[in-house]
Amino acid sequence: MTGRLDSARAVWVLAMWAVRESIRRRVFVVVGLLTAGFVALFALGSTVAFEHNPEAQQAFGGAVDAHELAGATLNGLAMFAILFLGCVLATFLTLSVVRGDAEAGLLQPLVVRPVGRAQVLLARWLAAAVVCAVYVAVVDVAVLLTLKATGDWMPEHAVLVVLLLMLAVAVLAALCLLGSVALTSIANGIATFMVLGAGMFAGLLGQVGHGLGNASLEHTARVVSWALPFEALYQDGLARTTAGQGGATKFLVNLGPFGGGHEAGNGLLLYVAGYLALVGVLSVAATRRRDL
Amino acid sequence: MAALALDVRGLVKTYGRQHALAGVDIAVAPGELVGLLGPNGAGKSTLVKSVCGLVRPSAGTLTVFGDRAGSRAARVAIGYLAELFRYPAWCTADELLRLHQRLAGSDGGAAERQRLLDLVGLPGEAGRKVGAMSKGMQQRLGLAQALVGGPRLLLLDEPTSALDPVGRRLVRDVLGRLRDSGVAVLLNSHLLSEVELVCDRVVIVRAGTVVAEGVPSELSRPRGVEVETDTGRRVIDGLGRDDVPALVARLVAAGEQVYAVRPLASTLEDVYLDAVGGQTG
Chain A
1 MTGRLDSARA
11 VWVLAMWAVR
21 ESIRRRVFVV
31 VGLLTAGFVA
41 LFALGSTVAF
51 EHNPEAQQAF
61 GGAVDAHELA
71 GATLNGLAMF
81 AILFLGCVLA
91 TFLTLSVVRG
101 DAEAGLLQPL
111 VVRPVGRAQV
121 LLARWLAAAV
131 VCAVYVAVVD
141 VAVLLTLKAT
151 GDWMPEHAVL
161 VVLLLMLAVA
171 VLAALCLLGS
181 VALTSIANGI
191 ATFMVLGAGM
201 FAGLLGQVGH
211 GLGNASLEHT
221 ARVVSWALPF
231 EALYQDGLAR
241 TTAGQGGATK
251 FLVNLGPFGG
261 GHEAGNGLLL
271 YVAGYLALVG
281 VLSVAATRRR
291 DL
Chain B
1 MAALALDVRG
11 LVKTYGRQHA
21 LAGVDIAVAP
31 GELVGLLGPN
41 GAGKSTLVKS
51 VCGLVRPSAG
61 TLTVFGDRAG
71 SRAARVAIGY
81 LAELFRYPAW
91 CTADELLRLH
101 QRLAGSDGGA
111 AERQRLLDLV
121 GLPGEAGRKV
131 GAMSKGMQQR
141 LGLAQALVGG
151 PRLLLLDEPT
161 SALDPVGRRL
171 VRDVLGRLRD
181 SGVAVLLNSH
191 LLSEVELVCD
201 RVVIVRAGTV
211 VAEGVPSELS
221 RPRGVEVETD
231 TGRRVIDGLG
241 RDDVPALVAR
251 LVAAGEQVYA
261 VRPLASTLED
271 VYLDAVGGQT
281 G
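Chains as they are written, first to last, in my numbering: chain A, 1 to 292; chain B, 1 to 281.
Bound conformation, chain B alone (with noise of 0.2 Å):
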């Protein structure tokens, strides 16, 4: 059986007395992408980096891959666009790809660092220098920079807070492909609606611990029948997509004239307000 791309268990961070993360389970298979959604404080960005060894677990076991994260096997593995990240002003976009392609031992050369400017929508700004880039451009250029090398894994945390409609798009794309090449992708995001058009599975946390966790479509609840007839338009609670025709039926004998009928599903941002209980960062 192939090893879990991530495998998170009972994993405990402690702040002095305050618990960043209360024992947190996760797992992501090669080729999945998970999203991990919570209001700010929850934790995420902890978990983030506490797989990347940036930070050391108070308990718990990680493994990237099988092997512990933090160690260099994991960290050859990985790729990671920070969520408060900098690259310096100086370089251009060709050189801070070609110093993380000599950290990370890639012998892809100009054509990786080529295809990875076209890949996240720069292609032609590879002279460019960081300090004359967008923040947009620059968080871009980040996700270049977290794919040097041909990471199996990506952690990205809040990976579209700058960029526009167009380059959140452009990013779901690249992570699209990614996922049909077999990259496990573990995105932290506050963007809901990011997370359920991407995401194969959604991970939601809150004050350190995981909440909930699912299929985006399978988190979702019934919430009733929306009918329009020729009396008006009405929600029917209690009702969900398989009540539908008997529902008609009924409505039909009753002599009303039925427009439309629609059954209504919570959204991912229900579930995750649910969830979350409201709380807020």
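This is chain A alone, in the form it adopts within the complex (with noise of 0.2 Å):
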């Protein structure tokens, strides 16, 4: 019983260590000024966007609903943005944990510590997981507010959807800090941001097969969101947030490259549960066998 508290104790310590890190390199400042950044920007366009609906509501005439159009549109860029900024914080928090850390010299003084390599990996994981769910909740929420301010449009199921997006940027650090292991920090960093794409490819060419009734396309990128399932946790919030939509809207909605998505099911969120284990077994293991 000792020895587990020892251990809590010791991931604890360690993660208060990496958040105290990131505050003392003024990493929340940086990113808190770009995001708002980001945020200002992203006003600007839902401002035009919801003024011009009457001109598009004209030009589509009564089957489409062009409000409804451009908050969906415009609510699935967000997420996309935020996916990705989400991303690049969870990447720079965890791309040099193991190999990177360890060849400047920084790990060997913990690791020797009566602290295990796998309290080191936990502590490292849930310190990037829990700071990048809280920035995505609270850029996801910034924008819900704007939706609301600029058109008085909000999404379905917004607190599911919030929710999935930080459990999907949990999923990117775990892999960022997989990759840790084996790849040097710059590569590691690529890497990371290359699956990023590929997911978010898979994503697209989903949709393109779903728009062109092409199963083959479809069951490819299923394949790769369960792979990679940070993509099938966005595909998920984006189903959901139109989940009430219908007709020619729901139609347009899917054709765009922000709109539609793809619910995953009741088993998603045990799946993503099993995942991150899995994932964390194999850094563990991995690095347990690494020399430092």
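In case anyone wonders, no lab produced these hints; they're calculated from the structure. Hints may be right or wrong, so weigh each one.
One-sided and incomplete, this derived list gives chain B residues near chain A with beta-carbon spacing under 7 Å [what the hints assert, rightly or not]:
#1 Phe-65
#2 Arg-72
#3 Arg-75
#4 Leu-103
#5 Ala-104
Covered, in the sense of this in silico footprint (three residues per stretch, anywhere, with C-beta under 8 Å from a C-beta of chain B), are these stretches of chain A [to be verified]:
#6 9-18
#7 21-33
#8 109-116
#9 140-153
#10 278-292
Glycine included, each C-beta is placed from N, C-alpha and C at the ideal position.
Can you join these two chains into the complex? Each is in its own frame, and there are hints to help.
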């Protein structure tokens, strides 16, 4: 029991140390300022889009709800951007946890202490995942408030979608941490962004396949989204925001790159929990085998 | 019988086909200060890292006070200063020591941190950021970090490489005090004079094997006797300290006036050079 308490305390100490490092290195100041810029740009775009709603409605006629179309597309765009920004943060907080820190001589003094390598990894992942999840939640709430203020529009299942995005960045942080065991910091950063890109691209392919009625494309996209479940979470969130739409509006939303999505079903959260556990086990096993 | 502070038997470490360590046996008793010498690439750092649990041995057994090296119990007992170490530039000396206190489970509090900073010659530097310290100060802070929690076995890998002569003297004094208080020390250093001055025993490693081992004075061999007489100065080979009285008597009997006699012994440097065959990494 004491051993478990010691382990939990070590994880807490190291996680808080990682958070403190981010604060002291002014990571949050830089991220906050740049995010404020993003939200301002989004507010500008949102204002203009909703202002042109009457003209769009006139062009579409009665079959399409231009207001819904604009809201869903803007929200889909924001979700994409938030996932990207969350990925940037997650990557920079975890890209050097094992190999990078070991090569710099930062890791050895920690793991020589009576702290297991598993605890170091868990602490670093927890710190990154919580920081990124909170960040994603804050930005998404800012986006939702902007959509409400500029167009009186709010997606369905807004809270659930925020939670899905928070989980998606936690998955990205876990993948980047796994990559840090074998890859140098730069290689791992590049790899993580490429993995994000691959997942998002597969999602787009799936939407194209859905629009064209191509089962092969849809299947490929589904396989990729389960292999990289941040994409499944993102797709699931997208699908939920527009679940209540129908007819031509739904069709047009699905055609766009930031609409539609694919509902993953009830097993997604359970699957993601298992996926995170598997990535964690692989990371710990690989780190234990590694000479430092 | 008390367990050895460090007991290494048949330690082998291979990287692919390369043998970094090819069957090393080393024992360090509690309160003993052992110097580890050898050229670059001899396997010294790999040995120290194996003891810390940072490197997985390919074969052999390593125990620290009877516990398997790398186990939690063994890591509780050791303090370690790496050759290539770095501490976060953003934190202060006090924050760094506090972190290690918490990880080591030390309840020494502020008093321990202050005592360690005083010990390594950094009084009044608790609030200074690591990034604002010289390399020498960081190395001394590293020594303080290694001493957090009162380790019973201290593993130091080139702990004075960045220090000036005053800093080296300070570290030597610290090591002497640690030995007096019963702490075992394995000191990996290139500085032969330093090792000779402070260590009870030296182990010389070459190409992953121990090639010489012993007390520095025992390792040195007689190299003749230097005499200075009215005919000049010369070295008479094959003689040692015990031969001096007879030699002086013979010279006087031969009518020479003897001004000085000095038995010559090989230095640790000579022993080292013989042992490693002039090899450098």
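- Hints broken by the structure, by number, lowest first? Numbers 1 and 9, in rising order.
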